[in-house]
Amino acid sequence: MAGKQLLMTFPVTATSHTLADYRARGGYATLAKALAGMQPEDITKEVTAAGLLGHGGAAFSAGRKWSVVHLNDGQPHYLCANADEGEPGTFKDRWILEHAPHLLLESMLITSYALQARNAFIYIRGEFDLPYRRLAAAIEEAYEAGYFGERILGSDFACDVVAYRGAGSYVCGEASGLLSSLEGKRGYPRNRPPRLTVQGLYKKPTVVNNVETLSNVAGIVANGAAWYKSFGTAKCPGTQLVSISGHIAKPGVYEVEYGYPLTRFLFEDCGGMAGGRKLKALIPGGISTKVLMGPEVEGVTFDHQSLTAAGSSVGSGGMVAIGEGTCMVRLLQVMLRFYHHESCGQCTPCREGTGWMHRIIDRIVAGEGRPEDLDRLLAISRWNDGTTICGMGDAAGYATIGILAKFRDEFEYWIEHKRSREEGRLEMAIHA
Amino acid sequence: MKHLIPEFEKLKARFPAGFESSLVLPCVRRIQEDRGFVADSDIDGLVEYLGVPRIQIEEVLSYYTQFRRKPIGRWHVQTCRNVSCSMCGAERIMAHLKDKLAIAPGETTTDGRITFSTVECLGSCGTAPVVMVNDTYHESMSIEKLDALLQKLD
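Residue numbers (my numbering), protein chains in the order written: chain A, 1 to 432; chain B, 1 to 154.
Honestly, I wouldn't trust all of these hints.
[Claimed, not checked] Straight-line distance between alpha carbons at most 25 Å, and here's what the computed DSS-like set of lysine-lysine pairs gives:
#1 B:LYS98 - B:LYS70
#2 A:LYS4 - A:LYS278
#3 A:LYS45 - A:LYS229
#4 A:LYS204 - A:LYS4
#5 B:LYS145 - B:LYS70
#6 A:LYS278 - A:LYS185
#7 B:LYS145 - B:LYS100
#8 A:LYS203 - B:LYS12
#9 B:LYS2 - B:LYS70
#10 A:LYS204 - A:LYS45
#11 A:LYS250 - A:LYS278
#12 A:LYS45 - A:LYS250
#13 B:LYS12 - A:LYS204
#14 B:LYS10 - A:LYS185
#15 A:LYS185 - B:LYS98
#16 A:LYS250 - B:LYS2
#17 B:LYS152 - B:LYS98
#18 A:LYS203 - A:LYS185
#19 B:LYS98 - B:LYS145
#20 B:LYS100 - A:LYS185
#21 B:LYS145 - A:LYS185
[Stated by the list, open to error] Now the in silico label distances, taken between C-beta atoms and shown as ranges:
#22 A:GLY26 - B:GLY51: 57 to 63 Å
#23 B:GLU33 - A:GLU324: 55 to 61 Å
#24 B:ALA102 - A:GLN5: 47 to 53 Å
[To be verified] Partial list, computed: chain B residues near chain A (C-beta under 7 Å):
#25 HIS3
#26 VAL24
#27 GLN32
#28 PHE37
#29 SER41
#30 GLN66
#31 VAL83
#32 SER86
#33 SER124
#34 GLN151
Everything labelled a hint here was simulated from the structure, so no lab data went into it.
What you are looking at is a predicted structure, and each value in this text was computed from that prediction instead of being measured.
For glycine and all other residues, C-beta sits at the position ideal for the given N, C-alpha and C.
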């Protein structure tokens, strides 16, 4: 175990996702406590005091986001759980959807009560079929048990939830793109201001939170802010679900307490590198975070402060371990192809920039690279930083800047010799 | 799509009033599930039923990777080619599929059985390489498991 656990506190069995099992673990008692004895503003205060940050990648204070919504303003308020999980390398929200859907639902009910949200939505990426079916089944169970609908648990609180399926678009994981999609349109992100908490879904105050962020709410309301702050570090309370993949021996989803040493996580909890190879590079939190070289992992602890100081970030919790012998040029090519494919096309820097970067890397790989290509990639990355409607433009830049900063020599080699220094290798550990 | 309207009415009741526009995605998904793709007549029917501009539905159909306006093979074999899958053998899986099915990504076998596509990250990186067939994820794929899977696709 990578430190104290908050969410992954029960064994996964054939029935652990069901209402019966969840209730046996104490499920929905916190909803009862909240509805019977707390005011909406008390809940927001507790969540703010706990210091709960977003776990989707932006790490914004959840309580502060909620507090922008004015209670009793006569407008409908909406809560939306972001289950679009599309950042390459990330599959940790899926664990909650498949194994703890009721934890998410109970937390969403408590949050909806705090926000005076009569309607809640869970936006789930279209490809997640099994997670959607688990969620839909859990929603049905919850309705049957009276946790959704009118007069919940005998209170004046009413709430309805809809699980809304996406249909294949990375930028629908961006909060404003998500709401555009939820309105039945293309998932086009929007310029802010106005913030979504002021004008969101159909221009009404809307809170969009990541699945994992929301799933922490039940525990915080049950046990209090001080309890939550007893996990993690003073500056970074709590835990993070981390999904690790790539050339690691034991890929999967782990709950990591903030402050836990990264080398210990990689080489003890995750079994080190597959085949005993050296760690060449580590992507800490999804491909949009800056890569670290193997030796740079030493002394880093898994939390916002330490990873930022190391020149990267916690990101989406999608960790990818890259073994010695991997071609970083081809790896960046995969990433740039991805960003180009996913660009929604609205804004010029991203639409043109990602296309340009993709064409440049393809030319390099085809043996037609030019000496000025690398500085051009960096220039485009800089132009995209802060000039695009959503963070995807920036993300393509960070991935590029990060890899070029640490592995430029491999790119220069390919341009000069018209071939990979690493034989173009991406695959290392393979299944028999 | 008119025979689906009773279902759509039930779906509409789950949303707040004024959310007709939101029904576009779930209705399109259901139509496609039913017909295999979304026909022009389906667009006409949906415009009439939901009261949304035709252009909205056209935009949705041309934007989301999972929606299609033409039929495909009975089995949609989609291989992820993003970072972790590539690092764990996706390229060999794709090469094997190209070889065995004698089609390139984006194409359908002449007997109409299989359409082969490459897709971006499916959120299953820990069990890479992953192949999605219709709605189902097939994880930790190998050449052998792929051959066994293809045999079962009639």
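These are the hints, each one checked on the structure:
At roughly 22 Å between alpha-carbon atoms, LYS98 of chain B and LYS70 of chain B fall within 25 Å of each other, so this suggested pair holds. Only pairs whose Cα atoms come within 25 Å are accepted, and LYS4 of chain A paired with LYS278 of chain A is rejected, the gap being roughly 28 Å. Between the alpha carbons of LYS45 of chain A and LYS229 of chain A the distance comes to roughly 14 Å, so the proposed pair stays at or under 25 Å and holds. Between LYS204 of chain A and LYS4 of chain A the alpha-carbon distance is near 38 Å, which puts this suggested pair outside the 25 Å criterion.
A distance of roughly 30 Å separates the Cα atoms of LYS145 of chain B and LYS70 of chain B; the hinted pair therefore is violated under the 25 Å criterion. Taking the CA atoms of LYS278 of chain A and LYS185 of chain A, the gap is about 46 Å. The hint is violated against a cut of 25 Å. Simply put, LYS145 of chain B and LYS100 of chain B have alpha-carbon atoms about 14 Å apart, close enough for the 25 Å limit, and the pair holds. As the CA atoms of LYS203 of chain A and LYS12 of chain B are separated by approximately 20 Å, the hinted pair is consistent with the 25 Å bound.
Using a Cα cut-off of 25 Å, the hinted pair LYS2 of chain B and LYS70 of chain B holds, with the two alpha carbons roughly 19 Å apart. Restraint check for LYS204 of chain A and LYS45 of chain A: the C-alpha separation of about 22 Å stays at or below 25 Å, so the hint holds. Only pairs whose Cα atoms come within 25 Å are accepted, and LYS250 of chain A paired with LYS278 of chain A is accepted, the gap being roughly 15 Å. Among the hinted pairs, LYS45 of chain A with LYS250 of chain A is inconsistent with the structure: their alpha-carbon atoms are about 39 Å apart, more than 25 Å.
For the given pair, LYS12 of chain B sits about 19 Å from LYS204 of chain A by alpha-carbon distance, which is consistent with the 25 Å threshold. In summary, the hint linking LYS10 of chain B to LYS185 of chain A is supported, as the alpha carbons are separated by about 21 Å, within the 25 Å threshold. At most 25 Å may separate the alpha-carbon atoms for a hinted pair to count; LYS185 of chain A and LYS98 of chain B exceed this at roughly 35 Å. A distance of roughly 50 Å separates the Cα atoms of LYS250 of chain A and LYS2 of chain B; the hinted pair therefore is violated under the 25 Å criterion.
Simply put, LYS152 of chain B and LYS98 of chain B have alpha-carbon atoms about 18 Å apart, close enough for the 25 Å limit, and the pair holds. In summary, the hint linking LYS203 of chain A to LYS185 of chain A is supported, as the alpha carbons are separated by about 14 Å, within the 25 Å threshold. Our distance criterion of 25 Å between C-alpha atoms is met by LYS98 of chain B and LYS145 of chain B, whose separation comes to about 16 Å. Between the alpha carbons of LYS100 of chain B and LYS185 of chain A the distance comes to roughly 39 Å, so the proposed pair goes past 25 Å and is violated.
The hinted pair formed by LYS145 of chain B and LYS185 of chain A fails the criterion: a straight-line CA distance of about 38 Å is larger than 25 Å. Remark: the range hint 57 to 63 Å for GLY26 of chain A to GLY51 of chain B is contradicted by a beta-carbon distance near 46 Å. Between GLU33 of chain B and GLU324 of chain A the CB atoms are about 46 Å apart, so this pair departs from the stated range of 55 to 61 Å. The hinted window of 47 to 53 Å between ALA102 of chain B and GLN5 of chain A holds, with their beta carbons roughly 50 Å apart.
This hint is violated: HIS3 of chain B has a C-beta 21 Å from the nearest C-beta of chain A, more than the 7 Å allowed. With a least beta-carbon distance of about 3 Å to chain A, the hint placing VAL24 of chain B at the interface is held under the 7 Å criterion. A distance limit of 7 Å between C-beta atoms decides the matter here; for GLN32 of chain B the minimum to chain A is near 9 Å, and the interface restraint is violated. A cut of 7 Å between beta carbons decides the hint on PHE37 of chain B: the least distance to chain A is about 13 Å, and the hint is violated.
A least Cβ separation of about 20 Å between SER41 of chain B and chain A goes past the 7 Å threshold, and the interface hint is therefore violated. With its C-beta approaching chain A no nearer than about 4 Å, GLN66 of chain B sits inside the 7 Å limit, and its interface hint holds. With a least beta-carbon distance of about 5 Å to chain A, the hint placing VAL83 of chain B at the interface is held under the 7 Å criterion. Given hint, SER86 of chain B at the interface with chain A, holds; its Cβ is 5 Å from that chain's nearest Cβ, closer than 7 Å.
Satisfaction of the interface hint for SER124 of chain B is found here, the shortest Cβ-Cβ separation to chain A being roughly 6 Å, below the 7 Å cut-off. Contact between GLN151 of chain B and chain A, as hinted, is not supported at the beta carbon level, the nearest pair being about 18 Å apart and thus beyond 7 Å.
When held up to the earlier numbered hints, the structure conflicts with 2, 4, 5, 6, 12, 15, 16, 20, 21, 22, 23, 25, 27, 28, 29, 34 and fits the remainder.
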